[in-house]
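Fit chain B to the given chain A structure using the hints.
Chains as they are written, first to last, in the numbering used here: chain A, 1 to 204; chain B, 1001 to 1181.
Everything labelled a hint here was simulated from the structure, so no lab data went into it. For clarity, every value in this text was computed on a predicted model and none was experimentally measured. Just so it is clear, CB atoms sit at the ideal spot from N, CA and C, and this is done for glycine as well.
Cut-off 25 angstroms, straight-line C-alpha distance, at most; resulting in silico cross-link-like pairs (BS3-like, lysine-lysine): (1) B:1083 - A:71; (2) B:1036 - A:59; (3) B:1036 - B:1155; (4) B:1036 - A:100; (5) A:100 - B:1168; (6) A:103 - B:1036.
Footprint (simulated), chain A over chain B, 3 or more residues, beta carbon under 8 angstroms: (7) 1035-1044; (8) 1100-1113; (9) 1138-1145.
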Amino acid sequence: MKIKIPKLIFPIAAVFASVGFVVAAMAADDVQSQQPNQPAKPAADEKSKTVEYENAMIKMMVIPRTREQMKAFYEGRGFSQQAIATIAEACFMTVVIKNKTDKILWLELDNWQFHSGAAEVERLDRAFWMQRWEKLHVPVANRSTFGWTLLPERRDLRAEEGVGGNITMKFSEQAFNLTAKFLRGEDKQTSPLTVQLNNLQCIK
Amino acid sequence: MAPLMKKPTMIRLLKLIVCLMALPAAISAAEPNLPKGIISLDGEVAPALKLKNMDGEPFDLTDAKGRWVFVHFWASWCGPCRKEMPTIQSMANQLSASGLEIVMVNTAETDDTVFSFMGIVAPDLTPLMDYDGLVTETWQPRGLPSTYLVDPQGKLRYLALGGRPWDKPEYIEFLKDIIAK
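The shape of chain A in the complex, shown without the other chains:
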């Protein structure tokens, strides 16, 4: 029996929205997607602002990082004060994703939208940071380390494979939403999975 996912999603999403967390998983032809969405833990921890989501296809967690956390991490890796100051201006969030299916799940950050109301929130991608590091003459080793701490821009997540890393945005006091679209299957022809996480907040 085929179930139209949106009919299931919207009432559930409305419930989650009331506690600051919305997830929509849309993959109408996939049996697993017919399972009700089940957040693994309470929607959003007020203290850490961590947002988690888990259903039959994916586990995803977004952890906002404080400026002090990021400064301490990169200071510990020998980054210059200039580089640290640049890092401290940005908003960092650690993202952890696990593909729970037996199909390839395509992580492609170009398919992720960060938005606050109708306005788009600017993500600072790898190219942005490489330009910054070039301008600041940041040593190659530091650039390498920084690069490995970022979430890959693209990854064909294999069955049961996980990935983690930071995404960076321009710092904003305003909460924003993330709509993350994942294409599926080796040829990307399986119906996509869309996860929406609301009320993400940069923290100082």
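Quick look at chain B alone, frame taken from chain A:
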């Protein structure tokens, strides 16, 4: 009296028996059982890997031809790397006489950092130092940690997705199995 079977039928039956007898050998020559998180690669030639350890002793992957090589990329700041490292040490101890070459490539850290870390976590492993991270970049691992298994012809044969419990029996058996072939 009529024969029980016609001659051509007997020949076909004999051929079938021979094929069935050869089947186990064919299966054992095929792909070994892959433990969780290990994927087969298509056998491209491994990228260059020429680095020195902290004592300045050089290593060149091309000199390891004729042996299986476990090439592992890691950094001390990476949580899964820290968790995985003791299992590599334990696996290395268990397979010390196997001929498996274990190559630990530290990505973009300093001697002090690596020395302090390895001294506590895996004192018997000698890492190679990719000080600027450029060798790691050429290998394009899927993240840190990453492990490649390079065959005796210098070709990439297997990739471990993320950190793996290398000292667990299924991984030890898998490694023993490929080394034996």
